[in-house]
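Protein chains in written order, with this note's numbering: chain A, 1 to 66; chain B, 1 to 66; chain C, 1 to 66; chain D, 1 to 66; chain E, 1 to 271; chain F, 1 to 271; chain G, 1 to 271; chain H, 1 to 271.
Honestly, the hints are just simulated from the structure, not real lab data.
Idealized CB from N, CA, C, for every residue including glycine.
Any given hint could turn out to be false.
[Stated by the list, open to error] If you want a taste of the chain G side facing chain H, the calculated C-beta under 10 Å gives, among others:
hint	residue
1	Gly23
2	Arg185
3	Arg188
4	Ala208
5	Ser222
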Amino acid sequence: MNVLVNGEPTELEHGATVEAVLASLELPDRGVAVAVDAEVVPRGEWPAHELSEGARVEVLRAIQGG
Amino acid sequence: MNVLVNGEPTELEHGATVEAVLASLELPDRGVAVAVDAEVVPRGEWPAHELSEGARVEVLRAIQGG
Amino acid sequence: MNVLVNGEPTELEHGATVEAVLASLELPDRGVAVAVDAEVVPRGEWPAHELSEGARVEVLRAIQGG
Amino acid sequence: MNVLVNGEPTELEHGATVEAVLASLELPDRGVAVAVDAEVVPRGEWPAHELSEGARVEVLRAIQGG
Amino acid sequence: MAPAISDDEAPAEAVDQDTFTIGGRELTSRLLLGTGGFRSLEALAAGIEASGAELVTVALRRIDPGARGSLVDVLAAAGVRLLPNTAGCFTARDAVLTAKLAREAFETDWVKLEVIGDEHTLLPDAPALLEAAEELVDGGFTVLPYTNDDPILARRLEDVGCAAVMPLGSPIGSGQGLLNPYNLRLIREHAGVPVILDAGVGTASDAALAMELGCDAVLCASAISRAEDPATMARAIRLGVEAGRLAFRAGRIPRRLYAQASTPEEGRSEF
Amino acid sequence: MAPAISDDEAPAEAVDQDTFTIGGRELTSRLLLGTGGFRSLEALAAGIEASGAELVTVALRRIDPGARGSLVDVLAAAGVRLLPNTAGCFTARDAVLTAKLAREAFETDWVKLEVIGDEHTLLPDAPALLEAAEELVDGGFTVLPYTNDDPILARRLEDVGCAAVMPLGSPIGSGQGLLNPYNLRLIREHAGVPVILDAGVGTASDAALAMELGCDAVLCASAISRAEDPATMARAIRLGVEAGRLAFRAGRIPRRLYAQASTPEEGRSEF
Amino acid sequence: MAPAISDDEAPAEAVDQDTFTIGGRELTSRLLLGTGGFRSLEALAAGIEASGAELVTVALRRIDPGARGSLVDVLAAAGVRLLPNTAGCFTARDAVLTAKLAREAFETDWVKLEVIGDEHTLLPDAPALLEAAEELVDGGFTVLPYTNDDPILARRLEDVGCAAVMPLGSPIGSGQGLLNPYNLRLIREHAGVPVILDAGVGTASDAALAMELGCDAVLCASAISRAEDPATMARAIRLGVEAGRLAFRAGRIPRRLYAQASTPEEGRSEF
Amino acid sequence: MAPAISDDEAPAEAVDQDTFTIGGRELTSRLLLGTGGFRSLEALAAGIEASGAELVTVALRRIDPGARGSLVDVLAAAGVRLLPNTAGCFTARDAVLTAKLAREAFETDWVKLEVIGDEHTLLPDAPALLEAAEELVDGGFTVLPYTNDDPILARRLEDVGCAAVMPLGSPIGSGQGLLNPYNLRLIREHAGVPVILDAGVGTASDAALAMELGCDAVLCASAISRAEDPATMARAIRLGVEAGRLAFRAGRIPRRLYAQASTPEEGRSEF
């Protein structure tokens with residue numbers, strides 16, 4: 001199954017969850033948020049939220065700004 | 001029949017037209033426009049446009065401004 | 001003998017000194033200076049400095065300013 | 001005899017006049033003035049004014065300015 | 001030496017050719033005149049004459065029997081083109097309807113669009129202005145919106161099809177001049193339509209400055225109509241607009257931190 | 001619609017009569033031109049023509065054989081009156097001697113007196129300027145001192161008999177405009193002789209502003225001579241001076257903190 | 001004489017009590033700090049310390065593996081409250097979604113709302129900003145919108161429920177200070193919520209001026225983070241904000257056209 | 001979060017060391033206080049305390065029997081150093097004699113030299129000031145002349161041996177702030193002695209700006225003594241001076257014509 005993670009084409013096995021995607025990235029434990037297809041996915045739903053073919057996943061973290 | 005002409009309650013016989021209303025006012029021959037119930041009534045339609053009970057008639061003329 | 005003290009005509013007996021003039025005024029013990037005929041008279045010379053007829057005596061004190 | 005003409009050491013025969021100095025320079029007929037040793041020499045005196053040894057001659061003309 | 005006014009050699013020539021275009025119509029005079037505030041129709045006529053304006057504003061109000069003389073006749077006699085405004089409208093709806101009535105009354109589809117945010121400052125209401133502009137452009141109007149000095153809003157107004165943008169220098173009638181020349185420059189840099197400074201001009205140098213910033217024209221009402229001598233001020237501002245326009249085209253010297261001698265140093269005497 | 005330039009009715013009339021006087025001589029043009037910085041004598045001639053100036057500055061320097069053409073002939077042909085300056089003098093002595101040489105060279109006792117304090121800023125040296133002014137007045141000169149914007153010094157210069165005072169707006173050639181309009185206003189309020197803004201003008205609006213502050217005239221050199229198009233800028237500044245002068249006479253509207261409607265509120269429709 | 005810094009008598013007392021409130025939360029420090037532009041997390045920590053800020057901004061971007069250190073940990077250690085922004089959003093939709101992600105990431109419903117009109121000026125897009133603000137307020141956010149200096153837009157933003165308004169002084173990072181103090185004063189006069197000057201401050205006097213105009217607080221990023229010595233500038237601007245606030249409360253003397261002697265005239269000697 | 005005032009870590013340290021020197025005497029506080037205009041000696045004492053001033057001015061006038069309390073005692077109790085002025089002198093002669101009397105009265109050879117040109121503006125008389133300064137320096141005085149903002153005069157005053165120069169920002173008591181920051185910068189660039197801004201400050205941001213321009217100190221009287229709440233304004237201006245000084249040392253960001261993002265563009269989401 002192919003999805004876009006932060007714009008990068010990524011291949012995942014069918015039914016992969018948000019959590020699975022995040023596992024592959026070195027994440028800080030705070031200041032992270034995820035959107036799938038322009039909808040927020042709350043932290044609590046990461047384990048359960050399965051991605052579908054072509055999903056656009058945005059994984060964001062805190063940076064200096066403003 | 002009662003209508004409002006520039007905010008003034010005015011009594012007219014039934015079926016009075018815009019033209020009838022204007023007749024009662026000393027109008028310059030240019031720079032005048034009329035709205036009835038917030039719709040423009042083009043000059044050409046003044047003779048035919050009959051007012052209905054409670055119509056709000058605005059008769060406007062050019063003034064210095066801007 | 002007539003002198004001017006801060007612009008005021010004042011009568012003094014002949015040979016009166018600066019000190020004599022000051023005695024008649026309630027002076028603070030600091031922040032005072034005296035000029036006679038547009039010359040500074042140092043504090044030390046007050047007792048000895050005799051005024052002559054028509055002398056212009058200026059007695060100045062500190063005020064808020066600047 | 002040596003003089004300075006506009007700062008340039010110049011050799012002249014004894015008793016040379018201002019006019020003689022000017023002759024050697026291409027002068028416009030208007031807008032010219034001469035000073036010798038920091039004194040103005042009016043145009044009328046150019047023929048008669050003899051220079052002395054070491055004289056500082058300034059010959060000035062109009063330029064664009066101000 | 002003839003004074004500036006009475007010689008019309010080459011320079012004047014050049015000026016005559018320096019026109020600009022709004023909604024396909026070529027304009028020669030870069031001073032637009034607001035008619036509000038003149039003490040009489042005679043004063044207005046004299047002001048128009050002295051200003052050289054080709055385009056003057058008018059407004060619409062309820063007829064009042066007592067009204068003396070005909071403004072429209074005076075303007076017709078002056079040979080100027082009318083630019084109706086929507087002054088006094090606080091909503092897009094009222095402004096749009098007023099524009100349609102003006103089209104009916106003055107037989108022109110040009111409109112100086114005003115949608116005001118409050119009576120205290122008479123500043124425009126940005127979102128409502130944009131909404132009304134879009135609707136009027138769709139309705140076939142040639143829209144000249146009175147806007148604030150926001151460069152982004154100016155671009156949005158152009159994007160929806162306005163024929164020009166009319167940013168303010170300062171509030172209407174305040175005579176405070178150009179409070180933020182920087183924003184006006186930004187507006188000019190990005191605009192693809194004429195930029196007409198509207199509101200705030202108090203005197204001739206304000207108008208000249210606006211033109212030096214690159215504005216295509218200036219609209220004045222109170223600065224002229226409420227001056228002690230309106231006709232003289234009309235002429236003053238007219239010359240200020242032209243002076244600023246010529247200066248803009250002439251390419252001014254840069255600002256320098258230090259002095260630069262206007263008289264050469266070389267050849268100084270040593271007395 | 002005739003453009004501003006090519007109609008000379010009544011207003012122009014009025015303008016022609018608005019003269020001022022220096023040292024007993026009446027002047028019509030309120031723009032004085034500095035000749036420094038023009039790229040050629042042709043450019044200078046065109047600049048004089050476009051500026052309408054009646055009074056133009058010249059300087060004195062050591063003759064250099066290579067000098068092409070005669071400046072004096074060009075100025076004579078232009079029919080202007082010469083105002084020699086003492087540019088480059090750093091002492092009262094040098095300025096006085098230079099003024100005397102200029103009187104000899106140009107057969108005029110008018111002098112634009114400059115006594116400079118340093119080469120970096122070319123700002124005047126107040127005490128030395130006052131000293132030289134007094135000596136030249138005693139020597140029968142008509143003295144126009146180039147001064148800073150100090151109102152007290154301006155008064156001292158008038159007290160010793162100067163025929164005008166020429167305060168700066170900003171350093172010579174800097175094009176920074178009027179750095180301290182407040183001081184210029186103070187100078188104007190107290191002066192009994194003409195006040196001519198000298199130095200610092202960068203563009204037309206600067207000149208207009210100076211006149212609106214009440215200055216009697218403006219002197220420009222670099223702003224015109226070093227502009228990309230000197231003749232056009234000469235015309236621009238000439239119109240700016242006239243615009244500012246007319247605005248000064250017309251009586252501008254006051255500055256208000258809030259807006260004042262230019263369209264009456266009464267009679268607004270209620271749709 | 002102890003220098004200003006090391007004495008904390010009564011005056012300091014007074015200052016401690018002069019708090020303000022946003023969205024029901026009381027704040028003591030009137031300087032908000034933007035975290036962008038600091039060269040390192042150490043520099044950021046030092047800047048926060050020196051600034052005394054209680055509220056600091058953060059942004060969201062895609063994770064990049066290479067990212068060193070944890071910004072969030074540093075901010076937590078500093079004991080400051082986070083104010084996420086929506087920098088880089090050009091539409092209401094993106095800004096709203098970014099705000100929701102920030103709420104998720106930082107567990108706060110506060111947001112500094114930015115909807116940008118173009119990348120060149122980073123000026124806000126008024127209609128889109130208002131639309132996004134309304135949607136976020138409805139969504140339960142405490143919205144602090146970064147807005148331009150338009151008094152009408154500021155009122156609309158308050159009308160839809162924003163907890164504060166954050167007008168700019170000049171473009172982000174430009175350091176041009178307050179281009180239009182007049183508009184900022186108008187905003188302050190009419191606002192019922194805190195007014196926080198955001199963007200444009202270049203140095204301490206800009207911050208002091210903003211507070212003297214009546215602003216409740218100032219937000220600075222580049223002026224501090226990009227200064228040669230960020231910690232010293234943080235302290236400078238912190239003192240500038242406090243100086244301006246105290247001056248605002250102290251009641252300044254009026255501006256006078258003429259001088260007023262600070263030393264009495266009476267009793268002058270006549271030597 | 002402790003407020004600015006009550007933490008004295010390293011930064012404060014740094015500040016303590018940032019002293020300057022007049023006539024061989026090191027000063028820590030960069031705010032000099034004028035005593036004129038305080039409503040009572042109590043208000044004066046409170047103002048001195050809040051200002052942190054080490055150096056305060058006094059004047060001399062004819063004794064009047066009715067005088068209550070001793071100013072000198074109050075100043076002695078405050079532990080400040082006296083700086084007598086020559087306010088009210090219109091000639092070099094009177095100023096010199098007044099300085100000598102002040103030396104006698106206050107046992108100090110320091111003097112704030114004022115030679116005034118007119119009662120309306122209280123502006124200095126340049127030539128008379130220079131003359132008096134030279135005479136007093138020769139007489140062994142430490143001369144701090146109150147001067148206008150003329151860079152050349154400032155240099156002349158330094159040349160004759162003045163220990164500092166005290167240019168004005170605007171007329172005494174006018175509260176107009178710094179009318180010509182450009183000249184103040186020029187003065188600072190060339191001065192080899194301390195430059196103390198004197199006169200014109202109206203509020204804290206004016207003082208901060210003066211320090212940012214590079215002034216070594218600021219002298220205030222009316223801005224503090226005539227404020228509604230003098231002690232609070234004293235503290236405000238004290239912090240403004242320190243803020244401006246720190247900002248000057250911190251190295252401000254340059255002014256940019258366009259925006260510079262404080263949040264990086266990279267890594268923006270695409271939703």
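Hint-by-hint comparison with the structure:
For Gly23 of chain G, the suggested interface contact is broken, since its CB lies about 18 Å from the closest CB of chain H, more than 10 Å. Checking Arg185 of chain G against chain H by beta carbon gives a least distance of about 14 Å; that is not within 10 Å, so the hint is violated. Annotation: interface hint on Arg188 of chain G violated; nearest CB of chain H at approximately 15 Å, more than 10 Å. At about 4 Å, the closest approach between the beta carbon of Ala208 of chain G and any beta carbon in chain H falls short of 10 Å, and the interface hint on this residue holds.
At about 5 Å, the closest approach between the beta carbon of Ser222 of chain G and any beta carbon in chain H falls short of 10 Å, and the interface hint on this residue holds.
Hints 1, 2, 3, counting from the list given before, are not met by this structure.
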